[in-house]
Amino acid sequence: MKRTLFVRRGSRRRHGPYGLREAPRTPFRSLREAWVALAGLSAVFLFEMMGNTVLNVALPTIGRELDVPSAALQWVTNAYAVVFGGLMLVFGALADRLGRRRVMLAGLALLAAASLATAAVTTPGALVAVRAVTGLAAAMTTPGTMAMAFRLFDDEDLRVRAITLISTVGMAGLAIGPTVGGLVPAAAPWQTLLLANVPIVALAALGIRTGVPADDPADLHRAPADVAGGLLGTATVVLALLVPTLYAESGTGAWQPWAAAVGAVGAATAFVRRERSVPHPLLDLAVVARPRVSGGLAYKAAAGLANAALAYLVTLQLQLDWGWSPARASLGMLPQVVVLLAGGPFVHRFVRRVGIDRAASISAGSVVAGLAVYTLCGSLGYPWVAAALVLVAAGMRVVGAAAGVNVLDGLPRERTSTGAALVDTAAEVSAAVGVAVAGTVLGVLCAGDLAAGHWSAERIDAFRRAVTVSGAVLTLASAAFVGWATRRTRPAPGEGRGGASNGLVAKGS
1 MKRTLFVRRG SRRRHGPYGL REAPRTPFRS LREAWVALAG LSAVFLFEMM GNTVLNVALP
61 TIGRELDVPS AALQWVTNAY AVVFGGLMLV FGALADRLGR RRVMLAGLAL LAAASLATAA
121 VTTPGALVAV RAVTGLAAAM TTPGTMAMAF RLFDDEDLRV RAITLISTVG MAGLAIGPTV
181 GGLVPAAAPW QTLLLANVPI VALAALGIRT GVPADDPADL HRAPADVAGG LLGTATVVLA
241 LLVPTLYAES GTGAWQPWAA AVGAVGAATA FVRRERSVPH PLLDLAVVAR PRVSGGLAYK
301 AAAGLANAAL AYLVTLQLQL DWGWSPARAS LGMLPQVVVL LAGGPFVHRF VRRVGIDRAA
361 SISAGSVVAG LAVYTLCGSL GYPWVAAALV LVAAGMRVVG AAAGVNVLDG LPRERTSTGA
421 ALVDTAAEVS AAVGVAVAGT VLGVLCAGDL AAGHWSAERI DAFRRAVTVS GAVLTLASAA
481 FVGWATRRTR PAPGEGRGGA SNGLVAKGS
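Residue numbers are given in this note's numbering: position 283 of the sequence shown equals residue 283, and the series is strictly consecutive.
Treat the hints as calculated values from the structure; they're not laboratory data.
Possibly wrong hints are sitting among the right ones.
What follows is a list of derived Cβ distance ranges for each label pair [claimed, not checked]:
id, residue 1, residue 2, range
1, T192, L285, 43 to 51 Å
2, I460, R29, 54 to 62 Å
3, G125, R349, 48 to 56 Å
4, A457, C377, 16 to 24 Å
5, A202, A120, 17 to 25 Å
6, A228, A289, 42 to 50 Å
7, R353, A457, 47 to 55 Å
8, I460, S250, 19 to 27 Å
9, R32, W255, 52 to 60 Å
10, V265, R32, 23 to 31 Å
11, R32, V198, 27 to 35 Å
12, D67, R290, 35 to 43 Å
13, R29, P491, 24 to 32 Å
C-beta: ideal position from N, C-alpha, C; glycine also.
Given the sequences, and given the hints that come with them, work out the whole structure.
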């Protein structure tokens, strides 16, 4: 009989500290029944999505008030992103050993403390330190969001719907983050933007503490921790995430971005060799090589690569090539925002209709198709740019849930947090690579200060040629990931679509 996290239905609720009732270890039969847990997990994902976007528009205000040089201002956001991306895999593995809910609640407590510390920030260094600690807290909480949502249900249809619901809340945060970041500093101190995390943390902690079942010790991973593997894995991701920042600071002619890229490849090579040789690796590569796991990660990487490249290139094109103001450029991105927000109710219906494997391949293919449309036709006018944004948004809306469920379904139950961390890390690293490739091609083919006004005809031609070349390279790379993943997850002849993850059970909520 399949072992589950839960005991049989009808078990009595246990009371925890302060009289709060803990959720029973039983599989929820509907989203409504799990609403407390889903509210808490949605609040965590809301913070993750708003973590950087809420500050982006406010950066000029922060720079003026703290007297931060423009070259250093980007570290306000990059400190968060680098720490967050670099430590997700480590904390995912720790959560599988120490308890997913326990690590999540510890991360939320750290997040609350970092947010409250913002009130005392008066120097650039202090703000960067607060953002780094916030990234640490995010690394502790983010992998558990998908892992916990997955484990709340036995039915895969409910798993997809739950992850879709949580991601819808996150997409709302992604959409309103820049608006909030622009309006709040006009009426209140900019610190309010980070202090606002405190009520979100309180909601998340309450929902997780009372709505998510405590981990069953039998479902925890008991192997010793691979410290050296964790250090090498962290170094790999951190260096990969640093490459775009170092390129932006120093350009392609400097040695720093190239040294970081070589270091990332070297650390990754050492990491793979270690994980293949030690008896208790941080990341069991044999498990990652399973078709559903490797295929799901490839879908996520393809989508992250194409989406990041499109967002980067479109932003530059609208403002630098076409001369749009930042406000008008923000409005130009609205088709993507609308699809991201409005597409939530259709995700689980689409997945139920075509199946989890086809949903993952079609949605990842849609993201790649959007980048292809932009590469081929983006210079012909805004309607083509809008069409590309819609295709990418529609694909991103599905691929997150479909690829995530594929990965988690292919892993042992005691490694779901590691799997969720792998999904998030694949997205972070592929996005960084997408920006790095696009930025490098632009730097080579369009030399000089891109932000300088009064472009000549030659510079416009060079810029558009660089957009075409970088878009084509990244489209082909993303398409290769999708093609490989599709072949990887295709059932063998005669195998059919059986198994827990190869067909959704249509049950209502």
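Hints, verified against the model:
Remark: the range hint 43 to 51 Å for T192 to L285 is upheld by a beta-carbon distance near 45 Å. Taking the beta carbon of each, I460 and R29 are about 59 Å apart, inside 54 to 62 Å as hinted. Taking the beta carbon of each, G125 and R349 are about 50 Å apart, inside 48 to 56 Å as hinted. Against the hinted window of 16 to 24 Å, the Cβ-Cβ separation of A457 and C377 comes to about 21 Å, which satisfies the hint.
For the pair A202 and A120, the supplied restraint of 17 to 25 Å holds, since their beta-carbon distance comes to about 20 Å. A beta carbon spacing of about 21 Å between A228 and A289 contradicts the range 42 to 50 Å that was offered as a hint. Look at R353 against A457: about 50 Å separates their beta carbons, and that is inside 47 to 55 Å. Distance hint for I460 and S250: a CB-CB separation of about 25 Å, consistent with the stated range 19 to 27 Å.
Separation of R32 from W255 is about 57 Å and conforms to the stated range, judged on CB atoms against 52 to 60 Å. Take V265 and R32: their Cβ atoms lie about 48 Å apart, and the range 23 to 31 Å is violated. Between R32 and V198 the beta carbon distance is about 28 Å. The supplied range of 27 to 35 Å therefore holds. About 52 Å separates the C-beta atoms of D67 and R290, a value inconsistent with the hinted range of 35 to 43 Å.
At roughly 29 Å, the beta-carbon separation of R29 and P491 lies within the given 24 to 32 Å, and the hint holds.
In this structure, the hints that do not hold are numbers 6, 10, 12, in rising order.
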